[in-house]
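Peer 1: Below, each chain spelled out in residue letters.
2 protein chains.
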Amino acid sequence: MKLYNFFRSSASYRVRIALNLKGVPYEYVPIHLRRGGGEQYTPAYKALNPQGIIPTLEDDGRVLTQSLAILEYLEERYPEPALLPRDPADRATVRSMALAIACEVHPLQNLRVLNYVKDVLHHTEEETNAWGRHWVTQGLTALEQMVRAVANRGAFCFGSAPSLADLCLVPQLVNARRFGCDLSACPTLVQIDATCCALPAFADAAPENQPDAE
Amino acid sequence: MKLYNFFRSSASYRVRIALNLKGVPYEYVPIHLRRGGGEQYTPAYKALNPQGIIPTLEDDGRVLTQSLAILEYLEERYPEPALLPRDPADRATVRSMALAIACEVHPLQNLRVLNYVKDVLHHTEEETNAWGRHWVTQGLTALEQMVRAVANRGAFCFGSAPSLADLCLVPQLVNARRFGCDLSACPTLVQIDATCCALPAFADAAPENQPDAE
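Line order of the protein sequences matches chains A and B. For the first sequence, numbering that gives the first Met the number 0 begins at 0 and goes up steadily by one. For the second sequence, numbering that gives the first Met the number 0 begins at 0 and goes up steadily by one.
I should point out that these hints are in silico values taken from the structure, not numbers from a laboratory. Don't take each hint at face value.
Identical copies go unnamed one by one, so any copy, or any two together, can satisfy a pair.
Pairs of lysine to aspartate or glutamate residues, derived as EDC-like cross-links and limited to a Cα-Cα distance of at most 20 angstroms, are as follows [what the hints assert, rightly or not]: (1) K1 - D89; (2) K45 - E57; (3) K45 - E143; (4) K117 - E57; (5) K117 - E213; (6) K1 - D58.
Isolated chain A (complex conformation):
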């Protein structure tokens, strides 16, 4: 199994945590998002992933893209430990938390969008950061409410073990801190993050512990 990814990419980080939790060994193939105009735009990489984004997983000759699709694939291929509960409505709750980050927060603050706000819409560095901060703070504040609404929640976003929701939360909080977001409205998320980061599967997947970390 080969994971094309970048140490700082939060979508890559989600997949690294899942591979670690499930104990699946993989080859780390770094794709540098800034070097040479972005290695994700080379013809060789775009032949694998026409979206020109990371991560991409190669397994058994199949090429898989989109981090959440990869996480669901790993869940189906390697069911233990489970990253989704068993009840359909509970599964929907966990997926909705993951998507609250993956669809409402992350897409608005990733590198290509920040570059567009800065370079094409001609905003200053500070205005561009304010853009990122706005969407991250708004999205995390909503997620805090979603997580608090879970009855008998346990130490994680849903229950007493990490789920897809936690795999999306932890990388997003790294970005939130980079943007200087005020997280005082999200004490539950901050506590869950600390619980997760103490686990080796999360720590080993952290950006600073990857081979291409700068």
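Put chain B on the given structure of chain A with help from the hints.
Peer 2: Coordinates of chain B only, in the frame set by chain A:
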């Protein structure tokens, strides 16, 4: 089953198609995204969905949010007709197509983001439309490559029956046309769209056929 939604919302449209395909009856509860500053921001609605976005599905006393989480829930509760193939790698391919729209295109061109570009970043109507057009065109062009890469594809994005990918594609093409996107690079998607729209489940879910259509 109650679906809180808005005729023009493409995330709502995805769920309406799934409910129709699976023959699940539901109560249509309109949430007007522009009226009175946005009915999605009322305390009553935000108690259901703290994200202040649509759709929300109420079923058996459970409140579910995020359209893709709702689609997966419907797939688990009402497996026929299946909206995902059986093989894990094929499922990942279909999900990656759905997410290529739900994570890379739709979040960048929905109403709240367009409003922010216009009202907070102070761009003109034309610049704001150009923003939407840019992300939609880029995302659909990548999806065209993903769909063309499927071996023995059939008439839909993946295979010979509608999948989650088609449920995301058709509503996105409505938006693409509203933005005036040039779809000449996406002939396969345009053809799949026409095939889908000829099916009653898709036609009955179209914005113009909803009770709150203007």
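Peer 1: Hint by hint, say whether it matches the structure.
Peer 2: Status of each hint after checking the structure:
no.: 1; hint: K1 - D89; result: between (31 angstroms within a copy, 18 angstroms between copies)
no.: 2; hint: K45 - E57; result: within (14 angstroms within a copy, 41 angstroms between copies)
no.: 3; hint: K45 - E143; result: between (36 angstroms within a copy, 13 angstroms between copies)
no.: 4; hint: K117 - E57; result: neither (33 angstroms within a copy, 41 angstroms between copies)
no.: 5; hint: K117 - E213; result: neither (24 angstroms within a copy, 37 angstroms between copies)
no.: 6; hint: K1 - D58; result: within (7 angstroms within a copy, 40 angstroms between copies)
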